[in-house]
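**Student:** In case you want the letters, here they are:
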Amino acid sequence: MSLISKTKNAAAQSPRAFRPAVLAMAAALSATLPGLANAAKLLNVSYDPTRELYEDYNKVFAAHWKSAGGEDVSVSQSHGGSGKQARSVIDGLDADVVTLALAYDIDAIAEKSQLLPKNWQTLLPNNSTPYTSTIVFLVRKGNPKGIKDWDDLVKPGVAVITPNPKTSGGARWNYLAAWGYALEKSGKDSAKAREFVAKLYKNVPVLDAGARGATTTFVQRGIGDVAIAWENEALLAVKKMGKDKVELVTPSVSILAEPPVAVVERVAAKHGTSKAAKAYLEYLYSDEGQDVVARNFYRPQDAKTAAKYAAQFPKLKLFTIQDEFGGWAKAQKTHFADGGVFDQIFKESK
Amino acid sequence: MNQSTVPAAPIRGGAAPAEAAAGKRRRYPSVIPGFGLTLGYTVMYLSLVVLIPLSATFLKASHLHWSELVAIFTDRQVLLAFRLSFLASAEGALINGVFGLLAAWVLVRYEFPGRGLLDSMVDLPFALPTAVAGISLCAVYSSTGWIGSRLETIGIHVAYTPLGITLALTFIGLPFVVRTVQPVLEDLDKEVEEAATSLGANRWQIFSKVILPALRPSLFTGISLAFARSLGEYGSVIFISGNMPMKTEIVPLIIVSKLEQYDYAGATAIACAMLILSFALLLAINLLQRWSSHRAKTR
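Quick mapping for you: the protein sequence lines, in order, are chains A and B.
Heads up: the first sequence begins at 1 in this note's numbering, then just goes up one per residue.
Heads up: the second sequence begins at 1001 in this note's numbering, then just goes up one per residue.
Everything labelled a hint here was simulated from the structure, so no lab data went into it.
Take the hints with a grain of salt, since some may be wrong.
[Stated by the list, open to error] Capping the alpha-carbon separation at 20 Å, the derived lysine to aspartate or glutamate pairs in DMTMM-like fashion look like this:
no. : chain 1 : residue 1 : chain 2 : residue 2
1   : B       : LYS1060   : A       : ASP338
2   : A       : LYS112    : B       : ASP1189
3   : A       : LYS41     : A       : ASP56
[To be verified] Heads up, incomplete: computed chain A residues facing chain B, CB under 7 Å, no partners named:
no. : residue
4   : GLY80
5   : ALA108
6   : ASN164
7   : LYS166
8   : THR167
9   : VAL206
10  : LEU207
11  : ARG221
12  : GLY222
13  : TYR309
14  : GLY340
Note that beta-carbon positions come from the ideal geometry of N, C-alpha and C, so glycine has one too.
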């Protein structure tokens, strides 16, 4: 007030007096909300179908982190196609953690940007995979075509919906699941597996660019008799659409889909969030974290939680990409790179 | 006339300062002050928004060896995608040329209730997110949609065929033709048509000999803008095209699938080819248009 009283021109007083008042108010406000100013901010760059999972988990983690250390944490999410998300991080999107669909995409970040160590996958339990999923079928109500297993997908007159593996990470899991099934059935004969997969893709009328697009094509457009989908997506679709429209069919054999997570160490160090970022991913493995995972239709790693949700996840024989294909890098190169097996199948069919 | 040179503007912008520097005698290009300042800002703006990003694209593609480039551009899948992209874009642009002209005509020449509403509807394809356009078109024209199911009974499949791609591109390009033709049509003197009538011309003669020549430059511009816009369209097309390799794959999808493999060089190489081809094509259209209007004047 003394500052204002010194001004000579009385008429000018009120607008000038306003400015220090606002500043004082702002200062007082920020003093009363220290938590907001100091809250750790994390950015979790993820892929499409984890939106609901992380919305749920972020609240649970924030409460845990506050009670454990008294610090507030706010987590923002970014979702999109897994490959596109990885490219954004390479091109400078400031992700503290990445939770993507394939190890291949996090490998690409490690290799092209050196933002995290090449051995990132050994830094957290279970190959840095806190939850898994598998590949199942969605069929129309009452299963009119009697789809039970992979063999039913190559029958003439069955239209199969799966996205394009060249543009969709999820579609690559679908493709590899089919290939792995054929390998197991034929006693590891890769020529037979190739024939099976080629036959399957002959039954595909539309290759959507992304996994959600494929689910839409199947459920909303009514195209196709069976859609190959992630189990968590299929369970979500059944929950959202209702059991009167689509049903879930679990095949006898499928692939263990392992969507991995990693701290983007150099970015987190720059933000000073290394500790929070690490805790954010580690807490996914806790009892509470695993419960959130299972609630959102991902298969938990923890045996106790798995037992609790056993009804939701039917038992089936699962193989890993490491066992059947020797890891992502190799599978990518053999099957999905330009001129790879997927391209060859389509070039031969013409 | 002015509008017809829009696609070629980047070349002129690039050549102008060079010419000015090379000029032997120093003179002000215009009596209006502010030339240096405005040109400076224009060049800076064009560089930041257009030239530098495009040069970066070419730079990235230049990492490839010749043999790799040959491998990319002799691949049948890539060539088929190029053919599909250019054909579908051309079809879409030509359809818009006919129906866009008609729409502009209706909007300018007739008074009717709801004209304002119809007029603003033309801009919808500009405003709508293209993915939304793709999803809605697909919903209506797929075999379960209410137009698609009827077309299917007479054997026409739209969604998930090249026809669907043309449809999406027609949707995307519509405003370009209407919005370039409309102002020219509005400025057209009614007296000229009246004079033609009094000289004994019939309606068709008036349209083909009087109105169309006046509209031709803007029509050309509209069609080439629609064409150029369609070539790069991704969002709406991927929902309706079905994305089958060798059959309904457009060039932007090939670019995206290369990016998914972190093949930045391959993706940008295709992007550069797309740029060069469309630039050459637009330039050719532009020259053709200038030549034809020149010939019409001298005749």
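**Student:** Now look at each hint and say whether the structure bears it out.
**Tutor:** Quick rundown of the hints versus the structure:
{"no.": "1", "hint": "LYS1060/B with ASP338/A", "verdict": "19 Å, holds"}
{"no.": "2", "hint": "LYS112/A with ASP1189/B", "verdict": "63 Å, violated"}
{"no.": "3", "hint": "LYS41/A with ASP56/A", "verdict": "17 Å, holds"}
{"no.": "4", "hint": "GLY80", "verdict": "12 Å, violated"}
{"no.": "5", "hint": "ALA108", "verdict": "5 Å, holds"}
{"no.": "6", "hint": "ASN164", "verdict": "5 Å, holds"}
{"no.": "7", "hint": "LYS166", "verdict": "4 Å, holds"}
{"no.": "8", "hint": "THR167", "verdict": "5 Å, holds"}
{"no.": "9", "hint": "VAL206", "verdict": "4 Å, holds"}
{"no.": "10", "hint": "LEU207", "verdict": "4 Å, holds"}
{"no.": "11", "hint": "ARG221", "verdict": "5 Å, holds"}
{"no.": "12", "hint": "GLY222", "verdict": "4 Å, holds"}
{"no.": "13", "hint": "TYR309", "verdict": "33 Å, violated"}
{"no.": "14", "hint": "GLY340", "verdict": "9 Å, violated"}
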